[in-house]
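Based on the hints, put chain B in the right spot on chain A.
The residues making up each chain are set out below.
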Amino acid sequence: MLDAKIPNGNLQDKWKNHSFNVKLVNPANKRKLDVIVVGTGLAGASAAASLAELGYNVHAFCFHDSARRAHSVAAQGGINAAKNYKNEADSVYRLFYDTIKGGDFRAREGNVYRLAEVSVKIIDQSVAQGVPFAREYGGLLDNRSFGGAQVSRTFYARGQTGQQLLYGAVSALNRQVDAGKVKLYTRHEMLDLVVIDGVARGIVTRDLVSGEIKSHAAHAVILATGGYGNVFYLSTNAKGSNTTAIWRAHKKGAYFANPCFTQIHPTCIPASGEYQSKLTLMSESLRNDGRVWVPKKVGDKRNPLDIPEEERDYFLERKYPSFGNLVPRDIAARNIKEVCDEGRGVGPTGQASYLDFAESIARLGEDQVSARYGNLFEMYEKITGENPYKTPMRIYPAVHYTMGGLWVDYNLQTTIPGLYAAGEANFSDHGANRLGASALMQGLADGYFVLPVTIGDYLSTLGFAKVDGNHPAFKQAEDEVKARINQLINIKGTKTPDELHRALGKIMWDKVGMARTADGLKQAIAEMKQLKEEFWKDLKVSGTGEELNEQLEKAGRTADFIELGILMAEDALHRNESCGGHFRLEYQTEEGEARRDDENFMYVAAWEYQGENQAEKLNKENLVFESVKPSQRSYK
Amino acid sequence: MSNLNLTLKIWRQRNANDSGKLVTYKVNNISTHASFLEMLDILNEDLVKKGEDPVAFAHDCREGICGSCGCYINGRAHGPEGGTATCQLHMRKFKDGDTITVEPWRAKAFPVIKDLVVDRSALDRILQKGGYVSVNTGAAPDANEILVPKPVADEAFTGAACIGCGACVAACPNASAMLFTAAKISQLALLPQGKPERYRRVEDMIAQMEDEGFGNCTNVGACSLECPKQIGQNHIARLNREYILAKTFNPPKSNEVEVI
Chain A
1 MLDAKIPNGN
11 LQDKWKNHSF
21 NVKLVNPANK
31 RKLDVIVVGT
41 GLAGASAAAS
51 LAELGYNVHA
61 FCFHDSARRA
71 HSVAAQGGIN
81 AAKNYKNEAD
91 SVYRLFYDTI
101 KGGDFRAREG
111 NVYRLAEVSV
121 KIIDQSVAQG
131 VPFAREYGGL
141 LDNRSFGGAQ
151 VSRTFYARGQ
161 TGQQLLYGAV
171 SALNRQVDAG
181 KVKLYTRHEM
191 LDLVVIDGVA
201 RGIVTRDLVS
211 GEIKSHAAHA
221 VILATGGYGN
231 VFYLSTNAKG
241 SNTTAIWRAH
251 KKGAYFANPC
261 FTQIHPTCIP
271 ASGEYQSKLT
281 LMSESLRNDG
291 RVWVPKKVGD
301 KRNPLDIPEE
311 ERDYFLERKY
321 PSFGNLVPRD
331 IAARNIKEVC
341 DEGRGVGPTG
351 QASYLDFAES
361 IARLGEDQVS
371 ARYGNLFEMY
381 EKITGENPYK
391 TPMRIYPAVH
401 YTMGGLWVDY
411 NLQTTIPGLY
421 AAGEANFSDH
431 GANRLGASAL
441 MQGLADGYFV
451 LPVTIGDYLS
461 TLGFAKVDGN
471 HPAFKQAEDE
481 VKARINQLIN
491 IKGTKTPDEL
501 HRALGKIMWD
511 KVGMARTADG
521 LKQAIAEMKQ
531 LKEEFWKDLK
541 VSGTGEELNE
551 QLEKAGRTAD
561 FIELGILMAE
571 DALHRNESCG
581 GHFRLEYQTE
591 EGEARRDDEN
601 FMYVAAWEYQ
611 GENQAEKLNK
621 ENLVFESVKP
631 SQRSYK
Chain B
1 MSNLNLTLKI
11 WRQRNANDSG
21 KLVTYKVNNI
31 STHASFLEML
41 DILNEDLVKK
51 GEDPVAFAHD
61 CREGICGSCG
71 CYINGRAHGP
81 EGGTATCQLH
91 MRKFKDGDTI
101 TVEPWRAKAF
111 PVIKDLVVDR
121 SALDRILQKG
131 GYVSVNTGAA
141 PDANEILVPK
151 PVADEAFTGA
161 ACIGCGACVA
171 ACPNASAMLF
181 TAAKISQLAL
191 LPQGKPERYR
201 RVEDMIAQME
211 DEGFGNCTNV
221 GACSLECPKQ
231 IGQNHIARLN
241 REYILAKTFN
251 PPKSNEVEVI
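Here the protein sequences line up with chains A and B, keeping their order.
In this text, residue positions in the first sequence follow the numbering used here: the first is 1, and each later residue adds one.
In this text, residue positions in the second sequence follow the numbering used here: the first is 1, and each later residue adds one.
Bound conformation, chain B alone:
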């Protein structure tokens, strides 16, 4: 395959207070085997050499698992390929002469720090409100005393696989964090370990999600479509069920009972 000459339109914004704008750059002779971020590396090396400010973008593991990276590429979260984080997108998905528009995640709850880097700490604050099982180190029973049917463990895994990249929020027209929040609630609601705290968890995490300024879920489904880990809408359904149960039966917080 021949190499690519491309036009990039990249969002440049010095900091949260700057208004920001798209700036056009040319990159030439990009191998189709290079990753999208390697293409940006090449651009940045060039910019630094020319004495210009390189483009800030978040990245770390570059193998689709740390969840650091993420930008809007040609109007899609993580770019044109489904089930892929930005770092796993390769240039063979583009054609010679293409113009590629690159923007940061856009959501009120994700203020821009610089260029393509946004502040996603709101997601962590949701998890800190109950995205855990209260078990101190050393207090656990033998692992095989907790039986988990394989289909349940597998389904819990699909929620647990969330890498916290924020693509779901960016893809949502309401900038809702419903899929992110649901992934954790669903994982722990499915597993016996998570059941004792399930009602408190769902109420507290949703309250935090709302406080952070994320929008409401209107069942658009763009989140699942753009999720690099392909986390499904079934988790949102499970979150809703957990929430309704918690609210309907209003179980006492200190002595939660298995309702269903």
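Chain A with its partners taken away, still in its complex shape:
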């Protein structure tokens, strides 16, 4: 049984007490300690900047050409915080409660309460950095509501909140680069973790321009490398988002928790053809003013404007009168899939539902709607060639976020001492489903406020000697990375990395997507094992390892995605219940809602790597609910 090291005491006091009880590192000694941070999104940039401010020597890595390009930049809608600026009886406890419930009672109370607690400080920090949040005329901050909550606690900067928060965090990072406290390595991809005597001591990177393979030593390593949604090939993630850093760490001993918990976002622009390279999200905030509907009749191909009100089915409003269009993402996504499966889907592929703003435009005026969502409407028009002010948007669910990730304890430490995981790369706070506007909150909570406290507790125990980069483990890890690159290049088969990745994505979407069955999952596992063989026999990579070579980058990432895909299916197969984003058709209520099995599955599934092509070992962390009584989620 895994120990999450959640501090004792009242929920409200855990973090306060823990912060007091951790061991501190003397300011003069901090400069003798090196910390590696991989990834410069919200979690990575905020952690790197905050640790450097404390005095640690930070080495920050990203595969992008600039820290500012990490995929956090694309988050649209907003960030939650329990400020209660709207006098709606919001509180830290309510945000905690909503998040636990939204996660379908598969998250840790202690972590989630801490998240809600520090949420207020994130807004303070970001505003102080000059993040231009939306304001009211009096100069105060504006809020809006988001799915899964009945209060308006979401702070936003038009539809570009992630961008603005990231630029804030990266500006803090840049300040430390200028101060010489952070050494920033751009265009460097982490390809392995160096573990010595069971402790994380560094990483191996490839310089994406020169191809140089190099190791870097440090006292601790933080992985803030994002989620693994691209295992589905098509997702709302950026093309470069990948699982390699956390998957390599997993193979070196870090447990992987709840890999099957995937969030399918209900409102994305539908795919248009085989060449489709990614899917674009339309922010959940649109559901504040947009109404989701399909025709009542099966196969009704009329222009949506010609379908009279009484022949439209506003199915979310009908089924969930109290939350309406603002039900949590998993519920909205599943309902959209359902109506499409019934043959009531719209658009050329029949795989879409309408998101209609006609009523809001009539109520608020086009100007007001444009002020709220202008950039999203423009984006929609650019991609589809249709004007959403005139004709309803078409939307369909797409993979958006992965709640699973490296298992971490309360300190965000993985099962490898000295290795930490933050942001989407860890599994910690969202349970089986993440609420909207909570990813930004968690990434920044981990980086600004949690890691700077918890990592000191670990570093204080190490002594201050430099980590010896000449230890043979570094050379060995470098050699392994080089051998693997050579192997990828020398297969010289016929299939491109994208072809194999697409094949993986199809298996995952069809059988490990929104609705899963035991049979389907078993088939998926067999098919992915076969795909893995095919990959290592028939891959074709052009070019060499000593140059900028995107094909090689894609090949390495796809190889890791295939292995992860198998684990995701195994995890989904073993979890004989439905909860949050994990929906097993065998386990649903008569009304078609997720049927949890708290008696048998109220635990975190943390998988332990056992060697190449071996079944992974399941470890469990039991979830204990002391403050909230698990109930069936109801948004009716």
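In case anyone wonders, no lab produced these hints; they're calculated from the structure.
Nothing here was measured: the structure is a model prediction, and the numbers come from that model.
Check the hints yourself; a few may be wrong.
[Stated by the list, open to error] Only part of the chain B face toward chain A is listed, based on derived beta-carbon distances under 10 Å:
# : residue
1 : Glu63
2 : Ile113
3 : Val117
4 : Asp154
5 : Thr158
[Said to hold, decoys possible] Among the chain B residues that face chain A by a calculated CB cut under 8 Å, a handful are:
# : residue
6 : His59
7 : Ile146
8 : Ala153
9 : Ala156
Cβ coordinates follow ideal geometry from the N, Cα and C atoms, glycine included.
Here is chain B on its own, set in the frame of chain A:
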């Protein structure tokens, strides 16, 4: 709409030392719903299959926000559509039989790494010289203690929206980074949070901009025209004002005073 058959003339350059040249390729049966980068994906899959070197181009989010992508398309930064990053350009903007010329950003401060990929790290080095507010984590007051009038916040946002793609530099006949630099200076000069460091910031960032080898601004305005986020010339005006104030009043660096 029918599919497109196109002739592409693409800049191929193995590395910074190679002289580079335009190479002609044909792509057929491209859907008008495909994005420009998806069209390049199709070309690259074909090249890899044929054992040729695929075209290197920068891209990541493919939704116009990360700022990774960017090439010169038929003589225009990010292509023919205004207010659009290359990834958001769709093939419905082209006609069957078109010839499309694709080149990298061209600027002394942006050396070519390979084909259409250039090194834009100079932009980050400008930001590292003061494109921030000096506030350590944990030191912030309650967010609503800092009042920002809505019009000021909105105007600051228009500068903050810069995605750092470098189109402004590429579009400028002088390869100036004035709009990029101005966007950040203007954002922080407008907001109360940025005021204490405004003079030091403008002087340091402009000094870095000049060190990086960007050209001077001669008010051509092509930068704003090609900016995917449509960042206006007003930000350059504000930068100039900040710079003149900093130089004219020469406020002591350690104890900056509000001049206006």
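These are the hints, each one checked on the structure:
Here the hint on Glu63(B) is kept, as its CB sits about 5 Å from the closest CB of chain A, short of 10 Å. A distance limit of 10 Å between C-beta atoms decides the matter here; for Ile113(B) the minimum to chain A is near 6 Å, and the interface restraint holds. The criterion of a C-beta within 10 Å of any C-beta in chain A is met by Val117(B), whose closest approach is roughly 7 Å, and the hint holds. Hint status for Asp154(B): holds, given a least beta-carbon distance of 8 Å to chain A, under 10 Å.
Taken as an interface hint, Thr158(B) checks out: its beta carbon lies about 9 Å from the nearest beta carbon of chain A, inside 10 Å. For His59(B), the shortest C-beta to C-beta distance to chain A is roughly 6 Å, which falls under 8 Å, so the interface hint holds. A cut of 8 Å between beta carbons decides the hint on Ile146(B): the least distance to chain A is about 6 Å, and the hint holds. The closest approach between the C-beta of Ala153(B) and any C-beta of chain A is roughly 4 Å, which is under the 8 Å cut-off, so the hint is satisfied.
At about 4 Å, the closest approach between the beta carbon of Ala156(B) and any beta carbon in chain A falls short of 8 Å, and the interface hint on this residue holds.
Hint compliance for this structure: every hint is met.
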